[in-house]
Each structure stands twice: as C-alpha cells, then as structure tokens.
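**Student:** Take a look at the letters that make up each chain.
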Amino acid sequence: MNSYTSFKDTQIALKNGKTTCVKIVENYLKNISEKNSDINAFIEVFSDEALERAKQIDLKISEGTSSKLAGFVLGIKDNICIKDHKVSASSKILQGFTSLYSATVIERLLSEDAIIIGRLNCDEFAMGSGNENSVYGSVRNPLDMTKVPGGSSGGSAAAVVANMCLATLGSDTGGSIRQPASFCGLVGLKPTYSRVSRHGLIAYASSFDQIGPLTNTVEDTALLLEVIAGKDKMDSTSSSVQVDDYSSFIKPVKRKIAVLKDCLEREGLDVEVKQKLESTIQQLQDDGHEITYVSFPYLDFLVPTYYVLTTAEASSNLARFDGVHYGYRIENPENLEDTYIDSRTTAFGDEVKRRIMLGTFVLSAGYNDEYYKKAQQVRRIVQNKTDELLKDFDFILSPTSPHTAFEIGKKKVDPTVMYLEDIFTVHANISGNPAISIPLYTHSNGLPFGLQLLSKDFTEKDLLSFSSEIMKNFSE
Amino acid sequence: MEVNNKLIQDIAKLSKLKFEDSAANKMKEDLNKILAFVDKLNEIDTEGVAPLIYMSKEVNVLRADEITEETSQKDALKNAPQKDSDYFKVPTVLKK
Amino acid sequence: MNTSDKYEAVIGLEVHAQLTTKTKAYSSDENIYGATPNTKTCPITLGHPGTLPVSNSKVIEYAVKMGIAVGSQIRERNEYARKNYFYADLPKGYQITQDTTPICNGGFIEIKGEDGKEKQIEITRIHMEEDAGKSIHDLDPFHTLVDLNRAGVPLIEIVSEPEIRSSGEAYQYVLEVRKLVRYIGICDGNMEEGSLRCDANISVRLKGAEKFGIKVEVKNMNSISNVKKAIEYEIERQIELIENGGEVVHETRSFNAANGGTISMRHKEEANDYRFFPEPDLQPVIVTQEYIEKIRKTLTLLPKQLYIKFTNKFGLSDYDSIILIEEKEIALYFLEITKHTKNYKTAANIVNGAIKAHLNEFVKHISEFSISAIRIAELIQLIDDGKVSNSVATSKVFTQMLQSDLSAEEIAKNNNWIQDSDTDSLSEFVKQVIAKYPEKVEEYKSGKKGLIGLFMGEVMKLSRGKADPKLANQLVRAELEK
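The listed protein sequences derive, respectively, from chains A, B and C. Going left to right, the first sequence walks through residues 1 to 476 as this note's numbering numbers them. Going left to right, the second sequence walks through residues 1 to 96 as this note's numbering numbers them. Going left to right, the third sequence walks through residues 1 to 482 as this note's numbering numbers them.
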C-alpha cells in the first residue's frame, strides 16, 4: 500500500473507504520499522499511542464528529514538548526528562484530531546545519544515504521524504526548516516571527526561533499553519494579528519580485543552482511578473550578526540545563559548582559548548558594546533595508542553500565553514520576515534543491498562494 | 580580537564549562576563528543606529492576577536527579 | 566616643518587598507563604524547557502605587532584563528583573534625623523583579535542599541614595518603608518571614571628607532591630580598622544574629558578571498618565495625609497623631469614631491608650477588636455629658464593653457608675467636709495646697464614689477660697 503524500489524497482515500486512520498509521509504522535504523530520523516512535488514537479518530470520522486534521499523521521535532513524553533536544543533558505539559502547537494539532507518531532527531538544541550534532547520531538523507538531510530539523525532513509520516513540525532559527526542506525536496516554511507560539519550544534564540511545518505540498503547509498559528496567552511575544485562512489561495496575479544580486553572485554558489534559478527567473518574467535585480550590500554581515545574537540568547537560555534541577547529573559530584561544570561539560556536545562560549563572551562586560550591541544595530539596518525593499516588491527571491546536500562527516574541521551554510536563510530570521523553501529543482547529481521566497510580515497567505502557483507551473 | 588562554578560562567559568589542555586549545582556536569571522561587523557603519531589540510588535501583554496553575509536588520533583521527600536535593553549595 | 565623632557613616539601603499578589510575577501559580515545599510551582517556575514568562498585571499596579506613595517619577516605557548567574534556587539560571528601565526613579522616604528634624532620604530607583527559591543548607551535611515555592514571587526593590547617616536613621527608614507598603496594601512587611528584606551598603569617612570610603555590603539582617545592630557594629568595625591603620575591604558580609556582628562572606564572593540584556520573552509595558492617575485616586490614605488631617482638622498633637498613624487599620478605626463624635482628643486617647493596651495584651489585631467605633463614640459621649469620669470610662466601662453588646450608658447604669453631677447634693457634701476639718482648711489657706486631696477623698467617700471629680474639685476649691 502506498503512502499518501498529500493530505488531500489522504482525505479522499478516507472518504472513499479505501483506507482508515489505523491503516495509515500501520503503514507509516511499517516504513519506520523498515527504514529508521538506517535513516535514524525517529528517536522514539509512539506506536501503541498512535494506533490507539487512530482508532479513536476513525470512530469520530464514522460519527461525523471529526475535525480538520483527522487522518493527518505527524512527527514532531525533539525540541517541542509533549505532555508526559520524553523530550531531549537531542542532547544528553536532557536524558530521561519527561515534559509536564504540551507545547501550544501540539495542543492545537491534537484538538483538530491530528495523530502524532513520534519524536524526531535533530541537531542538539537546534544548533547545526546537517543533523550531525545529535546525541542519537546523524540522520541520513533518504534520497542519498551518504548525504545529510540538512539541519537542524534533519530528522523532520528525512521522515517526510521517507514516507514515515505525512508531515512534521520543525523549528527554524537560522534556516533549520528551510534548508532541510531544500536538501530533501520538501516545502518548508518559517512563519513571521511571533506568528506561531513558542510555548513548549525548547528555546535556542528567543528572538529568532519559530516553529513551522515540513510537508510535501504547499496546501499541507497552509493547512497546518492555519491550525498552529495565532495568539497564545502563554507566549507574550505571540502576535495578535489575525490568522488568515491560508488554505484559500489568492488567484494568480502579476507580482513584483526582487532578486538579491549579491546572493546570485556569491562565491561558493553552485553553478547549477544558479543556472536553474536564473531560468526560473526568466520563466517568471515570461509569465508577466516583474523581476528586478537589487543590491543587498549586507549579505556578508548576516551570518556574523546571526551568530553573535543567537549565541548570546542561547548562552542564557541554556543556563537552566545545569545538572541540578532536572536532566543529566554526573555521578557523585562533590559540590554544587562541580555539579554544574562537570554535568554541563560532559553532557553538552561540542557545537553547543562552542556557541555557549561565544554567547557568554559577546555578552560579557567589556565586550558587550563591541559585539552584542553592534550586532543589534546591524539587525536594525537589515530589517530596515528589508522593509524598504518590500515596500516596492512582493517577494524577495533567492536560493535556499548554496548547494545540494553535502556529505555526512565532511564539514567538521572549521566551524565557520558550516556557518556559511545558512547564508541565504538567516536573513529571514534576522529581519523576522516569513520565508519558504519550495522544492522546484533536481540537480544533475540527483539531489533536490529549493527556491526561497521571503515576503512582508504576516503575508503568509500571499507567500503560500504564490508558492503554490510556482509549484504548479514550474516544477521539474 | 585575539582570544588567549586566560579569556577562555574566564568565559568557561561564567558558562560553567571546563576545558582542559587540548580541549582548551581547540576551544581557543575555534573561538578565534569565529571571532575573526564575526569581526566583519566592524566594517559596517552603525553610527546613530538604534539597536533592534524587540522582534514582536506587541506591548502591554499582561495577565490578570488569578491562580490558574498548580503542579503537584510529585510532578514538580518528578525530573529531579535527586530528591528528598519534599525537596530537590543538590550537592552542597559549600566548597570542600 | 571621640574616634566616632571624627567619622561620618554613609549608608545606603536596598529593601526588597515581596508583593502580596495572588500569583507569581511571571506565572499563574500561587504566591503564598508557608506551604509544603514544592507544592506551589508550575513548569514556568520550575524553569522547565520551553516555558515562557507571562507578566502579572497586579505587579505593575503595586509598583506604581509605591512610586506614587513615595513621590517617584513613574516610567512610561518599561522593559525587563535578564540577570544571568547560576544558583541552586534559581531554576532558569537567570532572574527576570529590570536593569536600565526601572519603573520608578526618585522619590523619598521621610524620617526624623538625628537632630530631631525632618529628613528626606532620596530614593534612587524602584524596580520590579522576581524572587528565587529557598536553599536550606543545614538539614543535610552533604546536600543543600531546595524549595521552589518562593521562586517567581514578585518583588519590588527600593534602592536609597547613600544619604543615611546612622543606624538610628536606617532603623527609621526601614520602619517607614514597612509602614508605607502595609498602608498601600502591597506587602505585609514581615521581616521575620522574609516578605521584607534589607541589605545595607555601609562605608565611613572622616567628617568633611568629600570622597566616599570603601563600602561594604551587609546582608541577612532579618529584623528591623537587627538592621540597626548590624549597622552599628559595622560602623564601629570599619572605624576601628581604619584607626588601627588598616583598610576596609570591599566585600559582602553577613549579619551574625548570634553575636550581633558581621562576618565576611568571601566564599560566595567572586565578582559576578551578570551579562544583563533585554528579556526577549517579555514585551515592553507602557504605563500611561491615565493609568497612573487612576491608581493615584485609589491612594487616599497615606500616612502623611492622615497625619495632616489629624493635626490640622482634628487638632491633635504631633505625638498623638504619629501613634495613631502607625498602623493603617487603627488610623481607619479612629477615623470611624470621629464620624460619631467631635471629641477628637478623647477619641485619640482611648485608641492610643485603652484600645492599644488591650490589643497588645491579648495579641489581637484591630480587625478582631470587639467594640465597634460607634460604641466607643457613645462612651466618649458619656464622658462629655459628665455621666462618668474619664478614668471610670476607660477602665471599668470599657472592660465591660469588651464582653457585652450593651451600650456604654447601659453598662454604667447597671453597675451604678453614673456619677453624681448634681451640684446641690455635691455642694452639701463639700460643706460637710469643710466643716469637719477646720484646721486643715486653715493649713490649706496658708499654703498647703496638697491638702485638696484630703478634701476630695472625703467628698468622694460621702458620695460613695459617685461624685463627678471635676465638679467636686471645682466646688471644693471654690469653698476653700471663700
């Protein structure tokens, strides 16, 4: 039995009696049992629970009382809390920890009858671009097992493309939904900052983090966004801007699109990625859309700004993981100080420790102005420039990633090389804008890669409508 | 800006992390590389630019003073690495 | 002491007041003292992964109230900040506080200086923050036990300018702060329970010197009198140190209740870099002028205002007024009495005298006092009408009123305490007594004025104690002067 790759198809099959929720879940569980030991996407599978819930949803469907997401099976990134379930942010320091509550996004999904099938591998504390920084080991890209699926939501991407579930939730702080989406041929959306509640998302960088879906279709992303978005009293930063009906796409109109010259001209951008993007640009022009190449002189400042600010916030957000109140504690510590130091040193991975050190440094007395304050000022400049551009343009178009999925184990020597993976994606996190990666292309090396679109705050409806249009007209 | 061994130890202390010998050297090297990378920010003129602090536009997000949460003692202590009937048990604060 | 006259003490106080809100500063779990450990928490208080703070509107209200009460400037745009450090009772590894944008700036606390004159101690700032949990070190030799019930309880921190010059002034300052927070109903001011805490920054310098001396922080003074003791000790210690050629070390010391001294807390003291930065999980709070005015209107009963009313409107003495306003509920009780009588002086005397004495003896609060304000007013009326003497009223009648619902007059009648104010019958008694002691009359006339007591005693005997002493005294004198 084939897995359905869109919710539309799933719903049709359910309606026609061709399948049931239980059968759907059983099918996914089968795929997981066959493939997960190689791919390593799932850390934990909620087999019994998912089947039990599937039974309940089937009953509701038969009674006509089921909700919007009945039949929708999702995996959840291991940094999103589910009540009475383990959660670890793929870190040893949260070994054995059980959450006392569910994230708001989980509650919203469950209230619409979604079925959660398990929790997904990711980079430790969402810090990484290849899902190689996990205490559970690397995740492999199902499309080429020698390659990474991307990161930090690598498990989330791999699970969808390997048909282990219909969609997943990931989180995006610097591109962690979009880049894996690009590497795995999926749709990946980072909503406007504050669009989706962060209550229950293990914080990496508070002013950058957003939860978002990874799906096969734009329609599924729109539907999931409808369910999870909206003001939450448990997250003071969440926006009170009304949630649109994202699923009703706007009829196609002629758009004004900006292409950042500096992105396309950047050294290190794969030739084929560039070519294919340029041919899309040509096609869009042929279709009557207005494309303008604009200058964005801040490209080289984006990643440094991102690293100063996110590590600063992370160094504070990760202070609660201290070996004292919950989680991992070393054996037989002599005193409190040793407990902190030895537990944290043992249980945090190298990348996490590097970022904590950097974050502590940029906030420390004497360096705060030079680094932290400076980066905040650059952030303002980037946001202003982006807002300025989006006054004249509907979208900013760029590649999602400089290249296709890289080899597992390759880029580990110089940390800054890995940081440049994020160069096109961090923009949206720095300025807060929504951005999406759509899987338009297949490289001659056989691997997929995506196109990225960024739009004005809270215009996800526009963004998704246009994305759907492009997917229809331009997919290879 | 160049990071030296003392700075590594100072930052490690604030971060409650420990780096010895080769680990300390590697961290020093890594941080130096990262800082060199981040020093790029010095090239951009930020004179008179207000730091961007709040990414959300909400203000006055306040709640009524009503009790709506209570976690049982059992749940509160559930994840404690060590506990003692009513309390979290942590290694003594006092140095040996 | 000669040496201490050479020196001047420079003291600044930081007072933390726990606010009596129902819930915590950034979460909706209960704010309550004395519960079983770790039963008043929630995931936010526990610092669990993924949790976010949500600010309590009541905390803003209480902080603004305090600002108004002390005459501060209230800040319009308020931000929160993180103060980062590690401690066993700090689950998040940081405290959410206010750093560069305290909700109040300026204001003052009024005390009486050493010279008896009014002195204003200026307040530097007041800001909002959260309390940490409690660490218990002495129950287990190898472990510290942590109770997080108190974690997240809202605090305001009131920082004074270093304008306090003696332990006595410090004592008064804390007393006044305590009185104020209780008056405006934001804190119960209980130092023993820790709802009011005080840290002192103390330095000394030669009188007339411009530069400040090295300051020492003193903590753990768990009562107002200990604040005084600790500061006294510390001033002496510093002076002695300097006089002996030593130097004061900038450090944190702990008050030792056992011997009244201060001990260095050096093991805790390693300069901590708190790496303050704006709290990204809480949005700014805008406090408008309208809001401030709305709050100001609810603050009609501040001690100062009551003092002015009592002295100006009711003509009470400074002394009486000060005692009356010590506790808000008693001042309110007094005010209630004044609605039913114009004899403010007697009302004040009864409240400050008989009533307070009773409350102290039985360790009662005025809210538990069994005699209503109206009945006290009736008692006063009885005195005014001359039906009972002041002393009979405040001792005998009052005592009975405690146990009975009867009016003062009824009680006096039933006990036959209504005194004789009939001038005729009294004059008779007076004439009889005068006639009985002719020699004593002569002695009185030649200067022994003290003999009036004898005559009074005899008149009282004849009237079987019911004579109105004032009237009797008048008549006796009049008769003697003839």
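FYI, nobody ran anything at the bench for these hints, they're computed from the structure. Heads up, the beta-carbon is just placed ideally off N, CA and C, and yes, glycines get one too. Accuracy of the hints is not assured; some may be wrong.
Stated by the list, open to error - To spell it out: a stretch of chain A is covered by chain B in this simulated footprint if at least three of its residues, at any positions, have a beta carbon under 8 Å from a beta carbon of chain B; those stretches are:
1) 158-166
2) 218-230
3) 335-348
Claimed, not checked - With a Cα cut of at most 20 Å, we get these calculated EDC-like pairs of lysine to aspartate or glutamate:
4) K119(C) with D318(C)
5) K231(A) with E58(B)
6) K6(B) with D273(C)
7) K373(A) with D99(C)
8) K18(B) with E290(A)
9) K83(B) with D138(C)
10) K385(A) with E43(B)
11) K18(B) with D342(A)
To be verified - Anything over 10 Å on all C-beta distances counts as not near chain C; from chain B, calculated:
12) K16
13) N42
14) E43
15) L62
16) Y87
17) T92
**Student:** Run the distance test for K119(C) versus D318(C): straight-line Cα separation, threshold 20 Å.
**Tutor:** Holds: K119(C) and D318(C) sit about 16 Å apart, inside 20 Å.
**Student:** Would the pair K6(B) and D273(C) pass a check requiring their Cα atoms to be no farther apart than 20 Å?
**Tutor:** 16 Å, holds
**Student:** Just to be careful, I want the Cα atoms of K83(B) and D138(C) compared with a cutoff of 20 Å; is the pair within it?
**Tutor:** Holds - the C-alpha atoms of D138(C) and K83(B) are around 16 Å apart, at most 20 Å.
**Student:** So is T92(B) really clear of chain C, every C-beta pair being over 10 Å apart?
**Tutor:** Non-interface label on T92(B) violated, nearest chain C Cβ at 5 Å vs cutoff 10 Å.
**Student:** Verify that the Cβ of Y87(B) lies farther than 10 Å from every Cβ atom of chain C, and report whether the claim holds or is violated.
**Tutor:** Incorrect as stated: the minimum Cβ-Cβ distance to chain C is 4 Å, not above 10 Å.
**Student:** For a C-alpha distance cap of 20 Å, please report whether K18(B) and D342(A) respect it.
**Tutor:** 7 Å, holds
**Student:** Within the assertion that chain B covers the region 158-166 of chain A, do at least three residues meet a Cβ-to-Cβ distance smaller than 8 Å?
**Tutor:** violated (count 0)
**Student:** Should the label of N42(B) as a non-interface residue stand, given a Cβ cut-off of 10 Å to chain C?
**Tutor:** Holds: least Cβ distance 20 Å, greater than 10 Å.
**Student:** So E43(B) supposedly isn't at the interface. Is its beta-carbon more than 10 Å from every beta-carbon in chain C?
**Tutor:** At about 24 Å from chain C, E43(B) clears the 10 Å cut-off, so the statement holds.
**Student:** Three residues minimum, CB to CB under 8 Å: does the region 335-348 of chain A make the cut for coverage by chain B? Let me know.
**Tutor:** holds (count 11)
**Student:** Holds or violated: K18(B) with E290(A), Cα cutoff 20 Å?
**Tutor:** The hint is violated at about 56 Å.
**Student:** Taken at face value, is the distance from the CA of E58(B) to the CA of K231(A) at most 20 Å?
**Tutor:** 10 Å, holds
Violation of the numbered hints given earlier is confined to hints 1, 2, 8, 12, 15, 16 and 17; the remaining hints are satisfied by the structure.
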